[in-house]
Structures are given as C-alpha cells and as structure tokens.
Amino acid sequence: MAEQIFFYFFAALSIVSAFLAVTRKNPVVSVVWLISCMFSLAVIYVILSAFFLAAVQVIVYAGAILMLFVFVIMMLNLKTGMVGQLRNLGLKFVGLIAALLILRQFYSAIKGAGAMTGLPPRAAAGFGEAAAVGKLLYSQYIYPLELMAVLLLVAIVGALVLAGKEQS
Amino acid sequence: MIALQSLLTLSAVLFVIGVCGFITRRNVLIMFMSVELMLNAANLAMLAFARHNASMDPQVVAMFVMALAAAEVAVGLAIIVAVFRRRGTVNIDDLRNLKW
Amino acid sequence: MEPLAVQYDILRWIVLSPLLGAVVISLLGRTLPRKLTGTIASAAVGVSFFIGLAAFIKLKGLAGHGHGEQAAFLSDTLYRWLAVGGLSVDVAFAFDRLSAVMVLVVAGVSALIHIYSMGYMAHDKSYWRYFAYLNLFVFFMLVLVLADNAVVMFVGWEGVGLCSYLLIGFWFEDPEKAYAGKKAFIVNRIGDFGFLLGIILIFWTLGTVNFNEIAGQAPAVLVAGGSLATLICLLLFLGATGKSAQIPLYVWLPDAMAGPTPVSALIHAATMVTAGVYMIVRLNVLYLLAPAAMCVVAVVGAATAIYAASIGLVQNDIKKVLAYSTVSQLGYMFLAVGVGAFSAGIFHLMTHAFFKALLFLGSGSVIHAMSGKQDIREMGGLKKKMPVTYWTFLFATLAIAGIPPFAGFFSKDEILWKAFSSPQGHWGLWLIGFAAAGMTAFYMFRLVFLTFHGQCRADEKTKSHLHESPYLMTVPLMVLGVLSVIGGFVGIPEILGGGNGFHHWLAPLLGNENGAVQVSAGVQHWPHAVEYTMIALSVAVAVAGIFGAWVFYIKQPEKPKQLAERWPLLHQLVYNKYYIDEIYNVFIVQPIKLTSTFLLWKIFDAGVIDGVVNLTGSSVRGLGRVAARLQNGYAQAYAVTFLIGVLLLIGSFVW
Amino acid sequence: MTGFPSISWNLLLPQIVLLSTALFLLLLAVIYRGGGRSRGATVAGAVFSLLGLGVAAFMALAQYDTVADTFGAMLRLDPFSTFFTLLIIGGAALCVLLSVREAGGLKAMAGEYYALLIFSVLGMVVMVTAADLLVIFIGLETMSLAVYILVGIGGERENGAEGSLKYFLIGAFASAFLIYGIALLLGTTGTTRLDGIASGLNLAEGGSLQLVAVALVLIGFLFKIAAVPFHMWAPDAYEGAPTPITAFMAVAVKASAFAVLLRVLNVSLLPLADYWLPVMWTLAVLTMTVGNLAAIFQGNIKRMLAYSSIAHAGYLLVALASIDPAAAGVGNDPAMASVLFYLTVYTLMNVGAFGVLIYLGGGGRQMETLEQIKGTGFRYPLLGVAMTVFMFSLAGIPPTGGFLGKFYVFSAAVNRGLISLAIIGVLNSAASAYYYIRVTVQMYMRQSDEQLPGLPFSLPLAAAVLLALYGVFQLGIAPSDLLTAADRAVLFLR
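Taken in sequence, the protein lines are chains B, H, S and C.
For the first sequence, the working numbering gives the first residue as 1, with consecutive numbering after it.
For the second sequence, the working numbering gives the first residue as 169, with consecutive numbering after it.
For the third sequence, the working numbering gives the first residue as 269, with consecutive numbering after it.
For the fourth sequence, the working numbering gives the first residue as 924, with consecutive numbering after it.
One thing to keep in mind: the hints can contain errors.
What the hints assert, rightly or not - In the DSBU-like style, the derived pairs of lysine-lysine whose C-alpha atoms are separated by at most 35 Å in a straight line are:
hint: 1; chain 1: S; residue 1: 588; chain 2: S; residue 2: 303
hint: 2; chain 1: C; residue 1: 1297; chain 2: S; residue 2: 303
hint: 3; chain 1: S; residue 1: 731; chain 2: S; residue 2: 303
hint: 4; chain 1: S; residue 1: 823; chain 2: S; residue 2: 588
hint: 5; chain 1: S; residue 1: 588; chain 2: C; residue 2: 1297
hint: 6; chain 1: C; residue 1: 1297; chain 2: S; residue 2: 393
hint: 7; chain 1: C; residue 1: 1297; chain 2: C; residue 2: 1225
hint: 8; chain 1: S; residue 1: 653; chain 2: S; residue 2: 641
hint: 9; chain 1: C; residue 1: 1297; chain 2: S; residue 2: 641
hint: 10; chain 1: S; residue 1: 641; chain 2: S; residue 2: 588
Stated by the list, open to error - Short, incomplete list of chain B residues facing chain C, as computed with Cβ under 10 Å:
hint: 11; residue: 108
hint: 12; residue: 140
hint: 13; residue: 158
hint: 14; residue: 162
Keep in mind that the hints were calculated from the coordinates and are not lab data.
Note that CB positions come from ideal geometry on N, CA and C, so glycine has one too.
So here's chain B without its partners, still in its complex pose:
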C-alpha cells in the first residue's frame, strides 16, 4: 500500500517536473526541474527493485549529465530565455496534435496488453542489485560492454575535435 502511494506521488511529481522542465523560459530552471524529474524516477526505480540502476540514475544523470548542461549554459551565458518572435506556431501546433495522437496510440496499445496486469508481488533475492547487473554485464553482455567503451571513446574524441581550442 505504501508502495502504491509512493509510486503515485513520485509518478505525479515526475510528470509535473518534466512538464515544467520543458516549459520554463530560463534554461537553468529547466535543468533544475529535469533533475527533480530524474530523482522521482530514481525513486520509482527503487520501487521496481532496480536498486543499482536507481543509484546510477542519480549519479550519472543528475550528477554528471545535467551538471554538464548547467556548465554549458553558464559558459554560453544563456541564463535568460530566447528573444525575438516565435515562429512556426501553426507548425508546432500540428506537431503537438501529432504528439498527443501518438500518446493516444501508445495508451490504447498499453491498455490492449490486457493479460499482463500486476507486477509479481516480490522480486527474487538479489534482483536489481549491483552484483546481478555486474555479473550479466561482464558475462553475457561483455561484447556490447566493450563496444560501449568504444562509443564513449568516440564521444570523447568528438567533443575534443568540435569544442576543443581552435588551432590558429
């Protein structure tokens, strides 16, 4: 019961935070709301017994990724919103309608998945803990893991190439 209350509270919080994150004028405020959203999700992860992932969510997303956003916003000195007139309002309106229709499609598909209703009452021991994730990562998923290392290397090189000091 408590689980349910927690879930609904944080679900609501995450939706509100997400909504505020994409609607605030000031990008810094947006980032703050996004952090709030990610924290809420981390709580939900815990409810889903994904303990390790919840930790990673906080550390990587809130701690690293969003801080990077703040850093760039500060560096480019973009604390205020955009100036100048809004363009393509009709187009954006069409986009919003399309997005809502897609949500409808998702929702009816989710509802249509009738047979799978409740979550199992209790996860197995050790489910979602670091050891379980780590074991899989370093055995069955060793190949994608190595690839991910390459991907991160590409990202580092790329960031250097693009944003590194221009050579004169």
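Chains H, S and C: place on chain B using the hints.
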C-alpha cells in the same frame, strides 16, 4: 499492487512530454534536454518490464542506454558549443543557412 | 515450333568491330593523322558489313538445305548476363531473316556515310571525336538489330539515343544546338519509359524476354485482343513513337537537324529512327494479338505521314524539308505495320534508308558548296556546278516520290495497297496515304527545282566558292544513287510480274503468315483490276505533285507568293508548324512544371517552393505564407514531419 | 544464469583490426600535433587508414564462407554480413581516397578525422554483423556519433556546424524512438535477440504493444536510410558536411542501415510481413517521388545529389516492398538480392560523382553549383567523361551498372505482381534523367564565364574516380559474379 499498465502509461506520458518539448522549444539546449527525457522514459519502461518479467536483461539494457546518453550529451554539447562559437546563437530558428 | 538455332561464332564481330574502332579512335585519335582516323572508322564498319554479308550467305544456305526452312537462324551467345529469380538474360545475338536485312542496311549505309564523312568533316577541329561517336553509334545500332532478347535490344536502344544526343550536340559551342540535343534526349526518355515497362510486362506475363520464346509463347499465353496484350503493345508503341519520331513525340527530330549533315543522314534518316518500326516487326506476334493497338499504330502512322508532309510543303531550310519528309515516311512505315503489312514496312524501311540517306548526303554536298547556307531561297541553278550531286539527288527524289521503277515506288505502292486491302486496312487510311504521297512528290520537287534549277540567288561571295564535292563525297552518293534505282527490284509485286521475293524472305518470321496467330477476318481477294487501278492512281498522284511543283516553281515562280497573299492565315499556320512547339509548351511542359511545383509545395518539401515563390513574385506570396509553415531550414519542421510519419506508421500497424 | 559466453576471436578479427587502426590513428594525431606537421598527418592518416581497411577487408574475405555465431549469438557471421562488411569497407576506402585534400585543410585535425572515419566504419561493421538488437543499436550509435562529428569537423566551412547540429538533434530524437521501441520489444518478447524476437512475437496477447514497438524500431532504421517522411535532415546534413563525408554518408551509412533493415525484417519480423510490406510500398512511392521532385529544383550539385540519394533509397524500398515472405531463407529472393546489387552499384556511382566534384574544386575555385561547373567538360575532358558516365548510371541508362540495378529492382517488383509500383518507379527514374543530364549539359554545352584554372593532379582522387568508373562499367556489362554473390548472401539471412 502497481499495475504494469500504470508504469507504461507514466513512461509514455514522459516520452510524449519530451517529444512536445523537442518540437516546441527554440533553445537547442532545451530541445536536447527533451531528448534526455525521452531516453529516461524508455528506461522506465525497461525497468518496469524487468520487474514484471523478473528478468535482469532489461536492467542491463537500461544501463547501456544511460551510458549512451552520456556519450550523446558529450558530443551534443560540443556541437552546440561549436555552433555558438560560429553563429553566436543557440536559437534553432536562427540556424537556417541550409534550406530548400 | 522452336526455331532452329545454328551457332555462328563470328557474329559477335559484326557488333564488336565498330566498338573496337570507337575505342581505338578515342584512345589514339589525338595523335593519329586525320586520314588514318577516318579510314579506321570506315574500315571498322566495313568489316561489320562484310561479316554480315557472309552471315547472310550462310543463312541463305541453311534455308536451302532442308534445316526446316521455316525458322533457322544464326546465333552467337557471348555470356550469361543476368540469371536471377526466374529471369535469365544472355548477351546473345541472333541473325535471322529480319536482322539480316537490318544488318546489311545499317552496316552498308553506315559504311558509305563514314566514307562521305571523311570528306565532309575534313576540316573540323574535332574530327576524331566525331568518328569515335559515329563508330559507337553503329555499335549500338547493330546491338539493337542483332539482339536476341528485349533487354539487350534495350541497351542498344538507349545507346543509340545517347550517341544521337552526343552527335546532335556535336558543335556544342552553339547553345541552340545543345538545346536540341537535350530535347532529343528527354523526349526519347519518355518513349524509353514505355518501352522498358513493356519489356518488364512481357517478362512478367511470358516469363522470358527472348524474342523467339516470346513469339512461341505469346499466342498460347496472351488472350488475343485482351487488355494485357493491348497494354503491352501500346507501351512498346510509346517507345517506338519516341525513337521513330511519330505523333506526339516527333518534336525532337526537326530540331535534331542541328547536328552535322552526315549524322542526320545516318541517325535521323537511315538507321536509328527506324528502330521503332523494326521493334514492332520483331514483336509482330504480340501486335497481331492486339488488334486495337495495331489500329492505333496505323492511325498514328497515317496521321503523322500527312501531318509532317503538310509541314514539309512550306519549309525553306533544305534540311528541315528532309526532316519532315523523314517523319512523314516513317509514318508510312507505321501505317504499314499497323495494317499488318510487316514486310512492306521493312521493305520501305530499306528503300527509304537508301534514298533518304542519299538525299541528306546530297543536301550536305549542297550545304558544303554553299559555304554552310541552308536556305533554299538563296540557292538555285546548282545543277550545272554540281552535276553528280544533282543527278543522284534527282534519282532519290524520284524514288521518294514513287515514280516507277525507282525503289520507293515498289515499297510505297505496297504499303498503299495493303492499307487498302488488308484485313486491318481501311480505305480512309489509304486515302490519307494517297494524299500524303501527292504532297511528298510536290514538296520534294519544289526542293529540287528551287535548289538546282532556275537562276542562282546566292550572293557573289558564295557563288564564287560553288564547286562539286570531292570524290570521297560523291562516290557514296553514286553508290546510293544506284541503290535508289534498283533497290526496289527485290520486292516487285506479283501482279507486276515480280516474285515479291522480299516478302517471301521475311514471311516465316511473321505471325500472320506462318500461322502463329490467326488473323480474325478472312483475307479478302481483290480483283486484279482494283490493284492495277490503285497502282495507276498512286503513280498519277505522284506525277500530279511533280507537275504542280513544276508549275509553281519553274513556270510561274511568283505563284506561291500569290497564294501566300491570298490565304495568309493558312500559310502562316503551316509555316509555323501549326505552332506545335508553342502548344506543347503551354499545354504540356508548363502544366507539368506547375503540377510538380504545386505538389511539392503543398505536401512535401515546402522550402523548395519558397525559391519558386520568390521567383514568381508577389502574386503568389499569399499562398507562400501557407508554405512557410513547413519551411525547410527549420529543424523543428523536420521533427514535425518526422512525427507525422511516426503517427501514420504506427497507425497503419495498429489499426 | 548463463555463464561467460564462448568467444571465437578469429571471427572478430576484422573488427579488432579496425579498432586497432582507429586507436593507432589517434596516437598518430597526437604525435603530429606536437610537431605541427599537418601534411605528414594527412598523408600518414590516409595511408594507415587504407592499410587498416585493407587488412580488415582481407580478414573478412578470408572468412567469407564462414557461418558462425559468437558471443552467445550476439554476433552472426555469414556471407550476408561479410558481403556488407566488404561493401562498407570498400566504400569507406574510396571515401578515404576522396578525403586527402579535405583532411589536408583540417591541418592538425587530420588524424582525428581519419580515426573517426574508421570508428564509424567499425560501428557499421558491428551493425551488419550483429544478431541482437542491442548490439545493432550500439553499433548504430557508434557510427552516428562519429558521423555527426565528421559533418561538423573543421572550423572553416560555413555551414558545417549547422548541418551537424541539425543532423545530431534529429538523429538523437530518432534514436529515442528506436530505444523506446527496443524497450517495448524487449519487454513484450523478453529478448533483444533477432531470432528470439521472431518467436516471441505473439499478436494474440498484448499484440498492439508489440506492433507499436516494431513500428518504432523500424522508424529508427528508416531515419538512417532517409526514407520520406523521415528524410528532412538529409539534404541539410549532406550539404553542410565536407564533400568526402557527404559521399561517406550517402553510401556507407545508407548501406549499413539497409543491411540492418533487411536482417531485422527477415529474421525478426517475417511473421508481421503483412503489416510492413504495404508500409514499404507507400514509403517507396513517397521517397522516390519526393526525392526526385526536389532534386529537380536544386542548383547546388551536392544538395541535388543529396535528394538524389533520397530517391535512390526509394528505389531500394521498392525492393523491400517486393520481398516474398515465403521465399525467405529457402529459395533465393530476387528482391533481397537486388538490394545488395543495387547498393554496390550505388556506392560506386555516388563515390564517383562526389569524387569528380571534389576534384573540380581543387583549382582554388568553388565548384558546387550548376553555374560554377559550366564548361568544365572541355577544360577537364577526363573528369567530364567520368561525370557523364556517373550521371548516366545514376539515371539508369545502359550499359552502366545503374541500369541493371534498376532493372533488377523493378523486375523484382513485377515478379511479385507489384506492377503499379514498378510503373511509378520507372516513371520516377525517367524523370530523374532530367536533372542528371543537366549536369552533363552544364559541363559540356555551356561556356564558362571566366577562365577555368588548371587542376593540380591528385593521385588518390584520380584513383578513386577511376576505380568507381571501372566498377560502374564492370557491373553493367559483366555483373554475374556480384549477382551470384548477392544471391548467395541472402540465402543465409535467417
């Protein structure tokens, strides 16, 4: 008991909020943040299924998605910085030298 | 009955020899002396001709040695080109009775024109390039006529179009000529689209693209008169109208006269433009299964014949007259195949190749002498200065006018007779052909009289340069002159005491003759008197045409001017080619432009239109505002388009 | 819980070689940056890239006939994957040849340029070898990130950064859809393995969620091949990118995405053929038509080729719409084999066309628009001839490979009774001749307004153009070897 459908609905709503943010905001940084939101929605769906199917695989995949998000952010922000240096703006509406 | 194929390995050299010539010339052409370049090119085509002759003799021998007289042919398979999923296409050549005629005509006339070109182009700065293109053209043309399946034929078909494009635009510096080349190319693409679809449909219905197999299977598989057979034939005919300059795709041919004159003779008179006729005769079994399509062919042919002839009446450019005359004569050939007289079509194709090549080469000789002037109003009296040109030109003119016993008489007469008498014929078709014959005689003799008779109207400078052309040019003229006289003797009709050998030679390949396809209506037997009357009538109309021209242009040269004054509107209309180019522009080119613009702007890539909108000015700017909603350049517009795609794709999956 | 998967290292050799090459190039970049010798970096980078690609190709060729799984069947090596590995490496090698001048302009960044190029090749090879959606996804992202950066590399170009940003933003957006699809598919079928997905599909129970998932996954790949309406990023990214990278995107990125699409459709989604075949039909028509119509209006040749590459994706989608679900894995399906053949020809003719364009730009005078190339055909005869051949091949005129590719695709469509689709396709290709021919017309039949400069000879560029020229003719005149290989490759697609 939390229904799987509630979790998936939450994830779908977050995903679509991300989509809406992406198509409406002019600030490329916020557009980019919206993409992060969409990725989070996908992760939520994954973890819900992990719990529901009592399978660890979706959790591992979610892990990969987070790593990917980190890589994407590094590159994306670098591109944004490069654009800002050249054009002095992060307003997507002002970036239309390439068209037609 | 499967025809008997006899392997004959040297067949491939008919085709490869000009290709080799083209390669050698394009690699070494810069360094070789001019004479040698021309000789290599001519020799390469000569080799093709003589191998063709050898193959012809061999084929005749086969026919006489009881190998099943019906359908023996020589074949040479190089390699398997594609073999996938039930479709196998070989690069293979077949030398049967039809391709034998075509090879000899194509290679023979080409060789003569090559020799002529050595004289005509002697001072051109891009001599070697010209010969390389010319050899390449002959290569593709021979591929076209020797192909044993439709796909290889299509390669030749596209190839000749390509070379024609290169050769029309030969003097690239002139933008008008470049435009003519482009026009030819694009009009031909429209036709080729039909041809390719026809081939794909044939493959789909018959499971093969090999001509022999098509002929063997079509009567069993396709319903005679069925819509599928009709569709295939109409698509193929669309291809033919493009290549052979029939209504409505004839517009490119008169403009194609921008190319050097020997090119006009080779490509736009003797060989390439007849490819459409050849293709229909090659697939005659299919056409016999589609009477409706044949009717279309006949009507289009007849309409083109008279329409082009009427434009030819008033043209003043010597090459333009010949160009319209070519379109008109091609119309005759389609009239013939349209009424099921396939052999008559090929017969006329052959004689036309002789006399029309001769006419073009003769006009080239005149233009050469006139220092490049082409307007017949500035000519006159050239008879004395250029006797060889004059006499050969006169023979060819008699041939095209249909005066016995010149070559054109026999072939044209057979077409007219068949248009009248064959089961698919109609007296109306005959009447049109008959009228066109009179017009032809008139405008051709108008050309002869204005060019060679009367007083010379050229300025002094041009006059002083007037001379007969060198031997390299006159010898081909004489050879073609002889052929224009005697070329018709292979097909003298039975009623005039001949054996109509030409018809019997081709008969085994023709579905209505060998019984592969039963032609619906029974053959009606006409009394001899009718046939004699028809012959007399067609000779009479030709003579009348000549007489008319004589009256107008020799006896009373001021007559045409009077006519022009009396009916100025009519003269204007005809003189401006019925304003057909303008009508095309307004009704076809512009609407296509507009439609594509509209579609793009309204539905897809609105940004493209922004440019168009800006160009067309403020009148459309109001509409442009709508377009601005989807303006390209805005990344979010891309995202919205993407999103709509997502919506529709999911929608198509879920609902 | 499964243990550590068995690994056959030798199957990984091409990937290991590519990875080592990329790492070595990074090292090289550091060394040269210290010395400030930009020319050395350019040449050495190109040489080692080619060397690495060559060795990798050799390794792949050596195991051409191998059919094996490794890493717990996350990778599947078969003639299909090897065919594409070789195609991608070949295309990349040609692009390296095209890059020499461009990389020279990057000065100190040249090393990174080549390293990123090889990294993205590695990503593509992973994509085409993978038998697991997760691995495909990571390969795809490796490729994409590297290409995003390459589009924006070098500060001098006017619009590089803008093209890169647009490509990146829309690309990340599309990736999110793909991930969401993978998440739903993983949840509903319990696996990311391609064959597992096929058996996990169960339309009776929770079917619509699976269908949504499949649609989202397909969208992710359709984005990469620039199918309309997921195409709008392509012209901007192509125009903004350095020309060799444009070529690279047009050929290698597209080829690898098509490989994945073929594999996913055939291995995982065959039970849903009734759903996706009509979708492919519609997309094919849209993609061909929009690509061609838009290309007609372009004055910039690079942008024109971008739209043309969209149109070509449309022709390839015709083949996808003609796949015979009954023939998959049992008999040879001309539709699928035609994709392989077409992509090979397409790679050659596109690289060739871009190569000529790059070569023309070598005289210190910009050569990107139809205006600028006026009269170049006579000034530079060999380039003129080569460009003409490539344009004719793109327009599908025999005897070039482009004609056979189209013929093959359209006859596959007719073979399946999709006559209207074939008619639309042939009409499109007839219309496309208009804008391809215009390039030739401009080169040969218009005078240049100014004196055209002499072009410095460039061995790598000339080599790339000549190789492409040879290939276009070879595939038009004697294509049987490649056809056989393509036929055989698709047999293993299951």
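Checklist entry - Against the structure shown, which of the earlier numbered hints fail to hold, in ascending order? => result none
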